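> Residue strings, one per chain:
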Amino acid sequence: MTANGAVEHSFYDQVLEATPEGERLRLCLQCGDCSGICPFGYLMVHPPSRMIAHLRADRFDKVLDNDTVWMCVSCYACTAVCPAQIPLTPGLMARTKEELILAGNVPAELQSALENSQRYGNPLGESPRKRADWVTGIVPEVKVLGKVRKEVDVLWFVGDYSSYHPRVQQVTKALARILNALGVDFGILGPEESSDGDSQRLAGERGLFEMLAEKNGLAFGKYEFNEIITTDPHAYNAIKNEYPGLDISYPVRHYTEYLADRIDQLKPLLKKEVKAKVAYHDPCYLGRANGIYEQPRLILQAIPGVELVEMAHNFKNSLCCGGGGGGMWLDGFQWEKAHVRLSEWRVNESLAAGAEILAVACPYETPRFEDAAKTVPGAAQILVRDIAELLDQAMGN
Amino acid sequence: MNIIILVKLVPDLVEELAIDSSGIALDTTWMRMIINEFDDHAIEQGILLKERNGGVVTVVAPDLEGVDDVLFTAAAKGADKLIKIKGDFIGANNHALARAFSAIVKELQPDLVLTGVQANNDLDGSLGPLLAGCLEMPYVGYISGVSLGDGKSRTRKEYPGGLIAEMDVSLPAVLGIQAAEQPPRYVAVSKVRQMMKTSTIEEQAATGLDMAGGPSIGRMFQPETAQHATMITGSPEEVATKLVAIFKELGVL
Numbered sequence: 137m138t139a140n141g142a143v144e145h146s147f148y149d150q151v152l153e154a155t156p157e158g159e160r161l162r163l164c165l166q167c168g169d170c171s172g173i174c175p176f177g178y179l180m181v182h183p184p185s186r187m188i189a190h191l192r193a194d195r196f197d198k199v200l201d202n203d204t205v206w207m208c209v210s211c212y213a214c215t216a217v218c219p220a221q222i223p224l225t226p227g228l229m230a231r232t233k234e235e236l237i238l239a240g241n242v243p244a245e246l247q248s249a250l251e252n253s254q255r256y257g258n259p260l261g262e263s264p265r266k267r268a269d270w271v272t273g274i275v276p277e278v279k280v281l282g283k284v285r286k287e288v289d290v291l292w293f294v295g296d297y298s299s300y301h302p303r304v305q306q307v308t309k310a311l312a313r314i315l316n317a318l319g320v321d322f323g324i325l326g327p328e329e330s331s332d333g334d335s336q337r338l339a340g341e342r343g344l345f346e347m348l349a350e351k352n353g354l355a356f357g358k359y360e361f362n363e364i365i366t367t368d369p370h371a372y373n374a375i376k377n378e379y380p381g382l383d384i385s386y387p388v389r390h391y392t393e394y395l396a397d398r399i400d401q402l403k404p405l406l407k408k409e410v411k412a413k414v415a416y417h418d419p420c421y422l423g424r425a426n427g428i429y430e431q432p433r434l435i436l437q438a439i440p441g442v443e444l445v446e447m448a449h450n451f452k453n454s455l456c457c458g459g460g461g462g463g464m465w466l467d468g469f470q471w472e473k474a475h476v477r478l479s480e481w482r483v484n485e486s487l488a489a490g491a492e493i494l495a496v497a498c499p500y501e502t503p504r505f506e507d508a509a510k511t512v513p514g515a516a517q518i519l520v521r522d523i524a525e526l527l528d529q530a531m532g533n
Numbered sequence: 030m031n032i033i034i035l036v037k038l039v040p041d042l043v044e045e046l047a048i049d050s051s052g053i054a055l056d057t058t059w060m061r062m063i064i065n066e067f068d069d070h071a072i073e074q075g076i077l078l079k080e081r082n083g084g085v086v087t088v089v090a091p092d093l094e095g096v097d098d099v100l101f102t103a104a105a106k107g108a109d110k111l112i113k114i115k116g117d118f119i120g121a122n123n124h125a126l127a128r129a130f131s132a133i134v135k136e137l138q139p140d141l142v143l144t145g146v147q148a149n150n151d152l153d154g155s156l157g158p159l160l161a162g163c164l165e166m167p168y169v170g171y172i173s174g175v176s177l178g179d180g181k182s183r184t185r186k187e188y189p190g191g192l193i194a195e196m197d198v199s200l201p202a203v204l205g206i207q208a209a210e211q212p213p214r215y216v217a218v219s220k221v222r223q224m225m226k227t228s229t230i231e232e233q234a235a236t237g238l239d240m241a242g243g244p245s246i247g248r249m250f251q252p253e254t255a256q257h258a259t260m261i262t263g264s265p266e267e268v269a270t271k272l273v274a275i276f277k278e279l280g281v282l
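Heads up: the sequence lines are chains A and B, in that order.
Residue numbers 137 to 533, in the working numbering, belong to the letters of the first sequence in order.
Residue numbers 30 to 282, in the working numbering, belong to the letters of the second sequence in order.
A portion of the hints provided could be inaccurate.
Think about it this way: if two alpha-carbon atoms lie no more than 25 Å apart in a straight line, the pair counts; the simulated PhoX-like pairs of lysine-lysine are [stated by the list, open to error]:
| # | chain 1 | residue 1 | chain 2 | residue 2 |
| --- | --- | --- | --- | --- |
| 1 | A | 351 | A | 279 |
| 2 | B | 220 | B | 186 |
| 3 | B | 220 | B | 110 |
| 4 | B | 226 | A | 351 |
| 5 | B | 115 | A | 351 |
| 6 | B | 79 | B | 135 |
| 7 | B | 226 | B | 115 |
| 8 | B | 271 | A | 510 |
| 9 | B | 226 | B | 79 |
Hints were generated in silico from the structure; no laboratory data involved.
Nothing here was measured: the structure is a model prediction, and the numbers come from that model.
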């Protein structure tokens, strides 16, 4: 075996070992379904199935010589379609990006998001002290646990974009009002909350993910609560599936799960009609990665006036908004390669489905789809709303 | 080639700056320090030179909050030696810093000293020329490219209007880096963490901090609104409406 081959075998072994079910990589039958279903597979010089072929042929250096793996938005489409059930997204794709990062081959815009996450605990480069600034005006006041030092029933892990992004803050405030209306005893970590780190992990920065997870683990450990709810499906995925591997284990639900479980209490509060055809976009990390499809639809249908319509790609076959796996921080890079945006594709589908409102449940999506609706011809009238905003509206706010 | 890189830590502008009760200094209660952006470029340029020409890169920084992270990150990028200067550097001006740095730099007998061309807290001129004065070495600033030859360095110096001059500087010399030849590289957190375990930071005491030559500050204040400007306030929609009205009044719409 060549010296090069030895390196590749160690990479092969690392992928096998570092991922749960990673040894399934051996079962690849080279059917190519992963490369076909990948929304950017046609632009990748080495889409997933070809990466595996190179890996087996001791030619993985060819894959590492190329930067098109950054087109991967970690949407789990390849993983979900794979007949051999190979965990391609968290294994092969994330490990390949990690190799590129370790070699210093990082697109500039991704680099600044990673550096910001490292320094400020959020990819936006905002002050950690301002993480709870969005709570202004919410009545009853949102409890920041570091200030009130009281046990709460629910720890709400708010997340990066929900805390800082001006558009997504509207969703965050809506959810705060909903939790208040339901009489939920909840608190937030505020400045002590760090990025969940999941998208950084899937962009290949495993060490950064671990650092952020450890910080959150320490913060969780300081307070008494019964469970965690998250606004962000990526945070949900991290806390549910990845943090336990770092000995950080807490019961966690996405807010749509939490509200669906309280649907009987929620329904009487939804008095105002939201008369519209609503298409629901399954976020990758709620749907494909975690199998939550019904709860968001259940609470949408509880809103009087809402007529749910389905888009061509839905449920397990949903389309990514383009923001996952580092995509949030690679817009320029991906535009240069693709000259299309996944978010525009999705907005077109919502138009074709006759939707008036495109409903979402992930903080990446509201700004991405709203931006897309500005550029897609005929989409100007499409409203992009998080489910929390629609519930809030139906509550008369 | 013995390359020394001097790094300043400056207030991180992600936190709003506040003036303390004395009225002549920044309030340090919430202040975070960050590597001066130009010094980050100086590190990158130094590592690039080492990769091209060989040699030893030493990074020297004053002991301020966050300095260990800055030094270990530099080590992960390829710096060989890390030195932290102990002393009370909060509020120290560049004259004091130049004197403290020069005492240590002299001992290291450098061929080339790199530092950022400027910093956001330069109240008394930039560090490079002051340091070159202390070291009695030549100084060239606004450098965006360096190559090394026999006993000299060919530097690309930026001038206003997009002009660039190439000039030879005899070594040893101090260069003020405007931009490295490539943007500062990313190092994975795992590599930095590894450096924290495997590399050591040498500590040296500053030989007193002499601020002489710097300005004395009479008053420090936030920019104050002048009378000539009209501040438009309100929601984005209200501001836009007012702007449109003003543009129409001025005849540009």
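> For every hint, state whether the structure bears it out.
Here's how the hints hold up against the structure:
| no. | hint | in the structure |
| --- | --- | --- |
| 1 | A/351 x A/279 | holds (20 Å) |
| 2 | B/220 x B/186 | violated (33 Å) |
| 3 | B/220 x B/110 | holds (16 Å) |
| 4 | B/226 x A/351 | holds (19 Å) |
| 5 | B/115 x A/351 | violated (29 Å) |
| 6 | B/79 x B/135 | holds (20 Å) |
| 7 | B/226 x B/115 | holds (21 Å) |
| 8 | B/271 x A/510 | holds (24 Å) |
| 9 | B/226 x B/79 | holds (23 Å) |
The structure is inconsistent with the numbered hints 2, 5, although it conforms to all the rest.
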